[in-house]
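There are 2 protein chains.
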Amino acid sequence: MKTAILSVGTELLFGQITNTNTVYLSQQLNLLGFDVMYHYTVGDNPERVAEMIRLAFKDCDLVLTTGGLGPTQDDLTKEVACRVLGDELVMMDDVLEDLTAYFRKNGRQMTDNNKKQAIMPSRAKVFRNDAGTAPGFALQKDGKYIVCMPGPPREMTRMFQKNVVPFLRKMSDDVIYYRMIRCFGIGESQLETALLDLIDNQTDPTLATYAKEGECSLRIASKRGTQEEAKAAVDEMLAKVREIIGDYIYSCDDEDLVQVVCRKLMEKKLTVASAESCTGGMFAAALTDVPGISGSFQRGLVTYSNEAKMDELGVRAETLEKYGAVSEETALEMVEGLKAVSGCDVCISVTGVAGPGGGSPEKPVGLVYIGLICGERKLCKRVQMRNVSRKWNRHYAVLSMLDLINKNI
Amino acid sequence: MKTAILSVGTELLFGQITNTNTVYLSQQLNLLGFDVMYHYTVGDNPERVAEMIRLAFKDCDLVLTTGGLGPTQDDLTKEVACRVLGDELVMMDDVLEDLTAYFRKNGRQMTDNNKKQAIMPSRAKVFRNDAGTAPGFALQKDGKYIVCMPGPPREMTRMFQKNVVPFLRKMSDDVIYYRMIRCFGIGESQLETALLDLIDNQTDPTLATYAKEGECSLRIASKRGTQEEAKAAVDEMLAKVREIIGDYIYSCDDEDLVQVVCRKLMEKKLTVASAESCTGGMFAAALTDVPGISGSFQRGLVTYSNEAKMDELGVRAETLEKYGAVSEETALEMVEGLKAVSGCDVCISVTGVAGPGGGSPEKPVGLVYIGLICGERKLCKRVQMRNVSRKWNRHYAVLSMLDLINKNI
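If you read the protein sequences in the order shown, they are chains A and B. End of the first sequence sits at 1427 in our numbering; the numbers just go up one at a time, nothing left out. End of the second sequence sits at 1427 in our numbering; the numbers just go up one at a time, nothing left out.
Derived by calculation from the structure, the hints in this document are not laboratory data. Any given hint could be a false lead.
Which copy? The list can't say, so a pair holds if one copy fits it or any two copies do.
Derived pair list, reagent style DSS-like, types lysine-lysine, alpha-carbon separation capped at 27 Å [to be verified]:
#, residue 1, residue 2
1, K1180, K1409
2, K1076, K1162
3, K1162, K1425
4, K1143, K1020
5, K1286, K1381
6, K1020, K1076
7, K1123, K1230
8, K1188, K1399
9, K1258, K1396
10, K1287, K1409
11, K1159, K1123
12, K1286, K1399
13, K1287, K1396
14, K1286, K1409
15, K1381, K1123
16, K1381, K1134
17, K1381, K1249
18, K1357, K1188
Please read these numbers as outputs of a predicted model, since none were measured by experiment.
When you get a sec, could you build the whole thing from the sequences and use the hints?
This is the structure in structure tokens:
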């Protein structure tokens, strides 16, 4: 069923808040098999809200709105929905009782404009609000449905899960199943080129590529009569995709690279330590972002100055002098020193030129060396990045470190 | 000028990414004096993109689009904009040269679909993309303007600031001048309450508060005939604001706290080192994000395990045993140890409970101790955070560390 999401609220147009409701509803509706075709946002203006609902119904059979259900004067979604779907507002006694009970329970005074919230479209199916005062509702006319929910994310998500999902399930026939395939080391256009035959001949499952800071993703989705059929179709396509770009895939379940690496470290009960120069602690920060990693991650040394590299890791002055801080030799002495002080199973080092300054013809900005000791294995990988920006170089260096660990444990 | 923002991308309709472009552009356009009336999002479908642009032009004179400018088949914003505004696509030699140079510089192979990115509407004003391959452009017909930018936020924001803002400034008559006042240690509703008299009686300059992860901002804006008049009005209001909330202000020029701290460290030529437990390297990563900080930042120790705290910093086993890793005593021994090994002018340590697990009635999740040695001064600050999430706790702990340094150097 073709669906539109309409967000009502002037604060959104001012950019004062990020519209998280829309991303949440889009995910949920897609999972339920609805085709989200449009997102609209308008301010608290009855004409524009009405115009948007009418517009949405031109192409869609279902419109979900958030916002504009509160007790104040500028809350007008209810009145507008009534007008567009030809209904009238009536006081609903059971809703008023509910509201009165809510205020009593929370020890709050009920004002006249709160009572206004019990006025509902006469044909509406009302949805209770467990986390606030504004009830939601669904209204139908000639096969066109509108579902109106409050704007605060906590109220909206609760109402959606508890009341709206059961309502919507009755409306949809098909089931959508999809997997997000995550890749590192291949660009979006390379990925598309590699999969061109599969993408061009797609009907179901469909394939779509997405670029994400330094990595890219592939979405394989199928819409079938049952979950089983859709799942089987997706998995069959995934097998074909694997044959072509399997080397670049690090997750088939939309896990981040850091999550994959941390999960493996924890499962294998491996300890890990890091010695960073150009990334300045970002690798350690990324790992320690994952709850439960304290069993694996022991210590991280941010040896930014040459003195710190010598002091903390025993890098030799001659090495720094002869080969420079950004060199295979330094990266290897860093990781060897780290192994000696930490004794961890997995030790990783990185040194590079993050930019914007500090580059040279031999060692341009974006060049990094990553040292790794993993069990018996010791290696150093040279990565020349595209040098988009200091931020990007550092980010991509961390991804490269995670990728190197992922491929070696 | 009435303005609409159109986001193009099926991934947005799937809810795979949050639309941060729209919130960014809404803020920026409002600051420039444009009235944002609508946000629209559609998938990569030429008919629907065209329909939305036509719809937007009914009520608005300016439409900004993001997305759909990439090299792949489903990138079609350019073609659609051309159709709607009656222009044709031509290969632009200077754009092709730019692109070729970009690929050469980055050592990447240029594919045929990349060349397609040099094809532009013949009447377009082209905007260079400093952070990627897809150029943007502006196109006009009968007083209706469209500005098309790439979708990746990093590319879009750079292009917007560098090329689109100067273009838009020429379109507006009044001059808007504003300052963003950045505060730490005060919540948004506290801030609003403190400034209520000033906010309620505002006509020009206007005051608006914004909440931002762990901090809040105040925008003082004035719209006048000349830049000088607007600036004088804003600065006069700023003086009043300072009298009320001066203690919480760390920047009047929208600088991040980390930028303020790094600028001061560099100006004063102070060296700095960090010893982190719960923040796991985030403090070091934040500092080293600032170009040129290598003269000040010497080293960071991420002593996550107790062994690391003892090994690297000489924290005593008895201290850890008696007071626990999260304690004033441990924070102080960490920073004392750091001073001994690094000799830096400013030494800072942090230990706390980031959560979600690991809390206790005495030491709940969100409790951190921050140790600081700064010249002759040595102190420890206890911060009990609201415990929103692990991510938030770690983020807020880093802000608290920066704030402590800012107030003591």
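Unmet hints by their number, sorted upward, for this structure: Violated hints (numbers, rising): 3, 5, 8, 9, 11, 16, 17 and 18; every other hint is consistent with the structure.
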